[in-house]
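Protein chains: 2
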Amino acid sequence: MNEITIGKIREAHDRIRGRIRRTPVLTSARLDELSGASLFFKCENFQKTGAFKARGALNAVLLLGEAEAARGVATHSSGNHAAALSWAAGLRGIPAHVVMPRTASRFKLASVERYGGRITLCEPTHKAREEAAARIVRETGAALIHPYNDPRIIVGQGTAALEFLEDVPDLDVILCPVGGGGLLSGTAIAARGVKPGIKVLAGEPEGAADASLSFSLGERRPVEHPASIADGLLAFVGDLTFPIIRRQVDGIAVVSEEAIVAAVRQLLEVLKIAVEPSGAVAYAAVAEKRVGIAGKRVGIILSGGNLDLDRAPWAKPVP
Amino acid sequence: MNEITIGKIREAHDRIRGRIRRTPVLTSARLDELSGASLFFKCENFQKTGAFKARGALNAVLLLGEAEAARGVATHSSGNHAAALSWAAGLRGIPAHVVMPRTASRFKLASVERYGGRITLCEPTHKAREEAAARIVRETGAALIHPYNDPRIIVGQGTAALEFLEDVPDLDVILCPVGGGGLLSGTAIAARGVKPGIKVLAGEPEGAADASLSFSLGERRPVEHPASIADGLLAFVGDLTFPIIRRQVDGIAVVSEEAIVAAVRQLLEVLKIAVEPSGAVAYAAVAEKRVGIAGKRVGIILSGGNLDLDRAPWAKPVP
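Chains as they are written, first to last, in my numbering: chain A, 52 to 370; chain B, 52 to 370.
Source of the hints: derived by calculation from the structure; they are not laboratory data. Bear in mind that the values here come from a model prediction, so they are computed numbers and not experimental data. All residues carry an ideal CB built from backbone N, CA and C; glycine is no exception. Where hints are given, some of them may not hold.
[Said to hold, decoys possible] Derived Cβ-Cβ restraints for the label pairs, each shown as a range: (1) B/Q299 <-> A/D301: 53 to 61 Å; (2) B/S307 <-> A/R81: 30 to 38 Å; (3) A/H177 <-> B/E164: 49 to 57 Å; (4) B/P220 <-> A/R348: 34 to 42 Å; (5) B/G302 <-> A/P247: 53 to 61 Å; (6) B/L142 <-> A/P247: 49 to 57 Å; (7) B/E190 <-> A/R157: 56 to 64 Å; (8) B/D301 <-> A/D65: 42 to 50 Å; (9) B/E119 <-> A/T78: 30 to 38 Å; (10) A/A121 <-> B/D301: 48 to 56 Å; (11) A/G192 <-> B/S307: 49 to 57 Å; (12) A/R70 <-> B/L142: 28 to 36 Å; (13) A/G343 <-> B/R165: 26 to 34 Å.
[Claimed, not checked] Interface residues of chain A toward chain B, partial, derived using beta-carbon atoms under 8 Å: (14) P75; (15) L319; (16) A325.
Isolated chain A, as found in the complex (with noise of 0.2 Å):
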């Protein structure tokens, strides 16, 4: 299961078409004319518990075996890949623990419990959210699923851009966001796997760009405090990530969190759908003019959907 192709993309499509949503394929006059290019926005903000995130961790639970799956499975991520790792064991019917640091949004939290996840909360440090994972997997016997970090979450999320060429076959680039790099590398597998010729571009917050600094020096280095209203893709891109991104990848564009705010607006705006800060960050590069893609047929990958309305981006500050 290692070694990342596009075959073995196929065979998660294969393995997770049934349980999951194929995603529709918006175009809007009005952003193709304000980009100067042909846009096609592949709506994963529809997908299964609202993100893309369902692929990874649906292929991830149904390639468990027997004695490995009665024990459940369990992270330590908060956000979507949490409430999508929740929902795929709930489908398999095996319990899954998910790890929260006592600060998470009650939005989050209703999020996982919706999909029955059990939740236990620790300290917010990194260490506390660790520890409290291990002791989980050693009580229990739990599966540590990564969010990103794993063959079987890779290949999983490699799956959005395999619908999306075979509904677009011609498109001239692909860009999604990137975080840990899980959808980005398996983006850049299935795409280049389906079309050789096609450039792979990313978009990224200018407050986390780790993985733009580490794509530019070619090795991994973290950014210190990262912090970005896209609050998903704070993570530090992953040591199996980030390989097949620096080969398979053509750039990684930073973008500002006022593009990122108005990229969300627009969505809403034009195309009618609500995706979250960090859904939108790949958009929010083609409308910052962060990447060169005049006159080209561009896929866009809008990652998720979940928008906290509470904490609504474009609302004014109560003064």
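Here the structure of chain A is known, so what remains is to put chain B in place on it, guided by the hints.
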């Protein structure tokens, strides 16, 4: 053209289908669970110009004779019909004259301007609007296209239900909002024409419940000072639309303002789509349990998505 039949609706569909969007039908396991029914959402928020109004407006514009068309079209509606008529006129390359009250929001003005409508501002009274429109018609010879009380508009609006029943043939119930009654009367004729046993229901805001009142009295009766966050549904049901509604509709449910706001929010959070308050009223009737649909297959028309984010209805009031 004056008798409104399913045949006329099919002809209208053939006339407009190449220029409008075939809008998708969405479903949600979570909303099914909450409602105790199987819900299907016809997403006219994704329609050209952001609302079903594009259907009727385009049908009316395409039905004009050459000489008549050359003189342009006019309306004194300030909402989605005005934008839709401007868009449809633009497709035919003819002018659209739109009379709007000088108090109209920047959002509504911008929408009409975007589609090339020629705006005439007037005092915010019904009399001033009618006079301004009459003057434009006198001066330019433009054809006045009423937003709902016109057979060309009614059959155009009916095409949404036609598509809906093509995509989901076994609906037990179809539900849409009612303002002036163009969508509801067209929906009733289309739905019963395709499937005689189907139940046709509507939702109406309690602050503008003239259609519901008229329906129970058996004759048209306006309400004084209609007011609702669903600003597209304030119109008085028409003398052409009401007889159809009276004969072909099974019931009109009145919904609270709170339910409309909650529906807009829930559609954003769960379906991940932007639906404006007027467009969410049919779903609000379901969520507020104002219609008996337990166990049924229910088609809900989400009629528009032009949500003014500066007035986001879920936003907490500034203290």
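Status of the hint placing A/A325 at chain B (closest C-beta pair under 8 Å): 4 Å, holds
Would the stated hint for A/L319 survive a check requiring a Cβ distance to chain B of less than 8 Å? 5 Å, holds
At the C-beta level, are B/S307 and A/R81 separated by a distance inside 30 to 38 Å? 34 Å, holds
With 49 to 57 Å as the target window, see if B/L142 and A/P247 comply at their CB atoms. 40 Å, violated
Against the range 26 to 34 Å, how does the distance between the Cβ atoms of A/G343 and B/R165 compare: consistent or not? 27 Å, holds
Outcome for the supplied range 53 to 61 Å, where the beta carbon pair is B/Q299 and A/D301: For B/Q299 and A/D301 the Cβ distance comes to about 58 Å; the hint holds.
Can the suggested window of 48 to 56 Å be confirmed for the beta-carbon pair A/A121 and B/D301? 51 Å, holds
Falls inside 34 to 42 Å, the C-beta gap from B/P220 to A/R348? At 35 Å between Cβs, range holds.
Could you tell me whether the CB distance from B/D301 to A/D65 stays inside 42 to 50 Å? Holds: the Cβ-Cβ distance is about 45 Å, inside 42 to 50 Å.
If I claimed the Cβ atoms of A/G192 and B/S307 lie 49 to 57 Å apart, would that claim hold in this structure? Since A/G192 and B/S307 have Cβ atoms about 51 Å apart, the given range 49 to 57 Å holds.
Using the Cβ atoms, figure out if B/E190 sits within 56 to 64 Å of A/R157. Once the Cβ atoms are compared, 59 Å apart, the range 56 to 64 Å for A/R157 and B/E190 holds.
Holds or violated: 28 to 36 Å for the Cβ distance of A/R70 and B/L142? The hinted range 28 to 36 Å is violated for A/R70 and B/L142, with Cβ atoms some 42 Å apart.
Comparing the model with each earlier hint shows violations of hints 6 and 12; every other hint is respected.
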